[in-house]
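Protein chains: 2
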Amino acid sequence: MTISIIGIGLIGGSMSLALKEKGFADRVIGIDANPVHCKKALELGLVDEIKELKEAVLASDLVILATPINAAEALLPVVLDLCDKQVVMDVGSTKKTICESVANHTHRGRFVATHPMWGTEYSGPEAAVKGAFEDKAAVICSKEDSDADAVALVEQVYDLLGMHLVYMNAEAHDVHVAYVSHISHITSFALANTVLEKEREEDAIFELASGGFESTVRLAKSNPAMWVPIFMQNRDNVLDVLNEHIAQLRKFKACLEKENYDYLKELIENANGIKRILK
Amino acid sequence: MTISIIGIGLIGGSMSLALKEKGFADRVIGIDANPVHCKKALELGLVDEIKELKEAVLASDLVILATPINAAEALLPVVLDLCDKQVVMDVGSTKKTICESVANHTHRGRFVATHPMWGTEYSGPEAAVKGAFEDKAAVICSKEDSDADAVALVEQVYDLLGMHLVYMNAEAHDVHVAYVSHISHITSFALANTVLEKEREEDAIFELASGGFESTVRLAKSNPAMWVPIFMQNRDNVLDVLNEHIAQLRKFKACLEKENYDYLKELIENANGIKRILK
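If you read the protein sequences in the order shown, they are chains Z and W. With our numbering as the guide, the letters of the first sequence map in order to residues 23 to 301. With our numbering as the guide, the letters of the second sequence map in order to residues 23 to 301.
So here's chain Z without its partners, still in its complex pose (with noise of 0.2 angstroms):
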């Protein structure tokens, strides 16, 4: 089979590679509007050769869309235009907005709305690694506004990646992902800010940084590019989320301040409650 993976970073290198070492993909195709990342993408073998969109869709069984969702959303009606039997789908972290913008196209049926959940704080094609997605979960949303056969083949793909599948429709995919996985990056980038804001005065705090500032911090190292689209198209979202939280850490803050330490430690026994849900 024949896949073109638009988008040559993190997530459409992590799957080339998957999907050439399982013989799935006998041929894979890139496109990325960086020519360093398309470069790179060949020099690290996560493609076989480079083409331009038109000729790529063409020669392609499977389309992977795996570009910023900004750019993901602009370019999937391009692509369906091009699309007569190819199966095109998407790994974008919303779906709402990218399945509105192609609920009238004739080839709606084509495209299969997911959502893969892995990913690293890392981005571009040297972030791509082997044995990405194993054992999480991929998001097919709005399965009934695709075909059959289309389903039917990413589907495969993703039992090929290891993933167990998760069916829902694509606002509700957008809901939780600000709960699971939008307000920690939000966080994570405050926490950050934060804590950089203090270190102008006081370098030396650095070296007492251990295992449980690392692993809250990790995701402030996220790109740019790739979040802020995320945020604006999950906008409504992540700001209820966003406001939940402020609430429960002024919660934490007002304990403090009245020296309300039953409360306290009311709080975090319920959050302990983490525990029936994290291993």
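Be aware that one or more of the hints could be misleading.
Said to hold, decoys possible - Result set (DSBU-like, lysine-lysine): computed pairs, CA atoms no more than 30 angstroms apart in a straight line:
| id | chain 1 | residue 1 | chain 2 | residue 2 |
| --- | --- | --- | --- | --- |
| 1 | W | Lys-273 | Z | Lys-275 |
| 2 | Z | Lys-243 | W | Lys-158 |
| 3 | Z | Lys-287 | W | Lys-273 |
| 4 | Z | Lys-297 | Z | Lys-273 |
These are calculated hints, taken from the structure and not from any lab test.
Using the hints, position chain W against chain Z.
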């Protein structure tokens, strides 16, 4: 050398394992208010025997106070009363209060105030692990208040654990840890509560939780018996940092509310500066 460890949990237990393995501790005596912990510590080979506090201290060359910090502060004068040549070290997450509490003690010189910058979100004897502490920083506070031989022994202990030493006064320590440890815990607790609040409405949400979420929320599993006293004792510093953190989060909120995505990008780029600190 005979070592007494008061509080045989994550830190005390992991220290015992390392100091036995290195041959530094010939005999480790455990003291713990919780009989279940005593039994478990013996079973796991963390300690060789369990004794009462007085008997243990009198039989020891080194006493390691590894209880939650409120208990450590209450026990330290009692232990120092019993001391003659023994060296006593604590391992607590705040340093100002405990140092002040024995400032005028006759045997103050036998006490070395320390904080090894290692931990996990787990607690109790079963949380003890081999290879803990390695390559992390250990802080020794106000060493000028301790006898030279006591400091030398504690330096040897941390050297054996593979830690590098940082020296500072207790007040500076407490400011720094508010930034690199305590705020991360509050953020994690609050994030867990934010998401658990939502969980009531929708169970499926957690099927989507992946590495980023786990990373920012794992500290929320931490034990309130340990953390409430830390927040009590470091209240002023933690409040300062928490106020700054809420202010930083409000900047993200304002960007989204006003749809000011240029400023949002700036905030994220600034947060990316954490790469200078986290490798």
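So if I understand the rule, the pair passes when the alpha-carbon distance is 30 angstroms or less; does Lys-287/Z with Lys-273/W pass?
Measuring from Cα to Cα gives roughly 29 angstroms; hence the hint holds.
What's the verdict on Lys-243/Z and Lys-158/W, does the C-alpha distance respect the 30 angstroms limit or exceed it?
Given pair Lys-243/Z, Lys-158/W holds - Cα atoms ~22 angstroms apart, limit 30 angstroms.
Agreement of Lys-297/Z and Lys-273/Z with the hint, judged by alpha carbon distance not exceeding 30 angstroms
Given pair Lys-297/Z, Lys-273/Z holds - Cα atoms ~21 angstroms apart, limit 30 angstroms.
Quickly compare the C-alpha distance for Lys-273/W and Lys-275/Z to 30 angstroms and report which way the hint goes.
Answer holds: Lys-273/W to Lys-275/Z is near 18 angstroms, not above 30 angstroms.
Checked against the numbered hints above, the structure breaks none of them.
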